[in-house]
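Asks: Now for the letters of each chain:
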Amino acid sequence: MFLKNFDITKPELKASRLGFAEALVDLGKTNPDVVVLGGDVTGSVKTDLFRDAYPDRFFSVGVAEQDMMGTAAGLALAGKIPFASTYGEFATGRPFDQIRQSIAYSEMNVKICASHCGLTVGPDGATHQSLEDVAIMRVLPHMNVITPCDANQTYKVILKCVEVNAPFYIRFYRDNSPNFTAPDAPFEFGKADTLIDGNDCTIMASGLLVWESILAVEDLYKEGINARLVNMHTIKPIDKETIINCAKETGCIVTAEDHQKHSGLGGAVAEVLAQHYPAPVEFVAVNDTFGESGTGKELMDKYGISCKYIVEAVKRAIKRK
Amino acid sequence: MFPNLNNPVFTNIDDLNEIARQIRRDIMNMLLISKSGHSGGPLGMADVFTALYFNKLNIRPEEPYKKDRDFVFLSIGHIAPVWYATLARRGYIPLDELKTLRKVNGRLQGHPAPLKTHGVPGVEIASGALGQGLSIAVGTALGLRLDKKPNHVYCICGDGELNEGQLWEAMMTAGHHKTDNLTVIVDRNYCQIDNRTDKVMELEPLADKWRAFNFEVLEVDGHDMQAVLNCIDEAKAVKGKPSVILAYTKMGRGVSFMEDNYKWHGVPPNDEQGKIALAELKPTKYGDFVDYYAGK
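So the protein lines, in turn, are chains Z and P. Under my numbering, the residue at position 140 of the first sequence is numbered 140, and the numbers go up by one with no gaps. Under my numbering, the residue at position 68 of the second sequence is numbered 68, and the numbers go up by one with no gaps.
In short, the hints are calculated from the structure, not lab data. All values reported here derive from a predicted model rather than from experimental measurement. Each statement offered as a hint is correct.
With a straight-line Cα cutoff of 25 angstroms, these simulated PhoX-like cross-link-like pairs (lysine-lysine) come out:
id: 1; chain 1: P; residue 1: 56; chain 2: P; residue 2: 178
id: 2; chain 1: Z; residue 1: 236; chain 2: P; residue 2: 116
id: 3; chain 1: P; residue 1: 209; chain 2: P; residue 2: 199
id: 4; chain 1: P; residue 1: 149; chain 2: Z; residue 2: 29
id: 5; chain 1: Z; residue 1: 236; chain 2: Z; residue 2: 191
id: 6; chain 1: P; residue 1: 241; chain 2: P; residue 2: 67
id: 7; chain 1: P; residue 1: 148; chain 2: P; residue 2: 241
id: 8; chain 1: P; residue 1: 116; chain 2: Z; residue 2: 160
id: 9; chain 1: P; residue 1: 275; chain 2: P; residue 2: 99
id: 10; chain 1: P; residue 1: 263; chain 2: P; residue 2: 199
id: 11; chain 1: Z; residue 1: 29; chain 2: P; residue 2: 148
id: 12; chain 1: Z; residue 1: 321; chain 2: Z; residue 2: 308
With the sequences and hints as input, model every part of the structure.
Replies: Next up, the structure:
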């Protein structure tokens, strides 16, 4: 799963939006049906790479996210595979009704790709920190939701999602972050990756919090606690089997995500456990509050989603077994 | 029901008007059965739908999603009864199915859904929440143009619907990309659910607004069949920019007490009103799909 010669103290850094943009360019070479919509922020979400490579398959719609989602649905009807990309909040919150009616209900083959997600857009402040996007996409019937953990995995997710004729929501990030999964590690849609084995507790993490969880597993190991780490890259459809097995085998679960505590990954995991195998669950997530300006690191600490909070949550979960 | 179902291109204006009247009768019967749904808009657009489906569109009911079909998007999903009646009369769905409007386990949803989403053939995508159709139509027009395909795209919008901001976003996008394979038809009936359009939100100068968004603007009496046919031809011939037809219609057209009355936007007739309506919309040679008053 990990890069060869992986050094936890010196990970390679790469923004996951670049994994997205490079995958789009490579897809464009082999699949002439792939088209991309630009909502003015193409330089930010890096779709300018596709635009410059395939200008006739790139459509600017201006800063108009509602129109962008409808236009994407229309392109899908014409047989195209449209990628609609902007910042997480504007890819979900603003055009929710358009996504609901024209994409999810209508089952259009549209790939909504959200960059700049979560707290780590930092200095931009709360308006730009999408912390509700997974919840409002996950609730939509027919929608598939994926939150890759690094640039390499984002690349693979983009290549994979065109193989499924269905709407997708794919969530990634602006800032550089550890790029630790191996380029040849398989990505299986809907199947969670167990990254580190352990029997005392399972940490189920998504997106950037997978890296924080790797650090947490290290710290816990030093204290004699063997935590299992699972990368829950696919939040919908959720991997029930892995969740139930982890609860059976380790007795408790900690979920970790840079998203609101309610209705995100934690909610999805808890729903499965409540119905199939009740077990103690602790949630590492933003606790029902909006963010603020600051650096990503400062905010992850202030809002309780960095490594040390995962360590504490694991200890709490184990006590409840 | 019709001769030459495989290629029912009706060129005789009297025939087309009679089909439109039958569609209006169908709408009344559907609403009498469902006891729920919109009367005014469907009656007002029966002539435009007839002109499109029985003369102008490149379509094939037996193959509703054939590759070179013309696309129709109904952005105002609430006027679905006129679409369903037209699709039934044109052979997309059984006439008898019109009895199932808004009924559970049926395909004739209150607002249209495509076949894939337990809806009906001929519908491309869901509509109902207003303001979304034009963006979709522009997207399809862009995709078709990219492949150098000849299909034409029609998008039917309401005038009250133009209150929705997304439509103006889509107008900008259409103008920017010069999608001349796209024709918008605005049902300009001056009525919306709350009141006359100028009381709810002034739209004038409407033609100038579309022109300012880089559309070629055509205007037509939406109940003059020959003029509607000509106007659709003119719109389709526009090159280098998208076209819009402002179709001046009367909500509730054909039923005296419903005509031009916004209060008939969202309600069905009761049995008494339906009887008067069907008497005014004289029977046609095509016949009704139901005798609603039999045994009543």
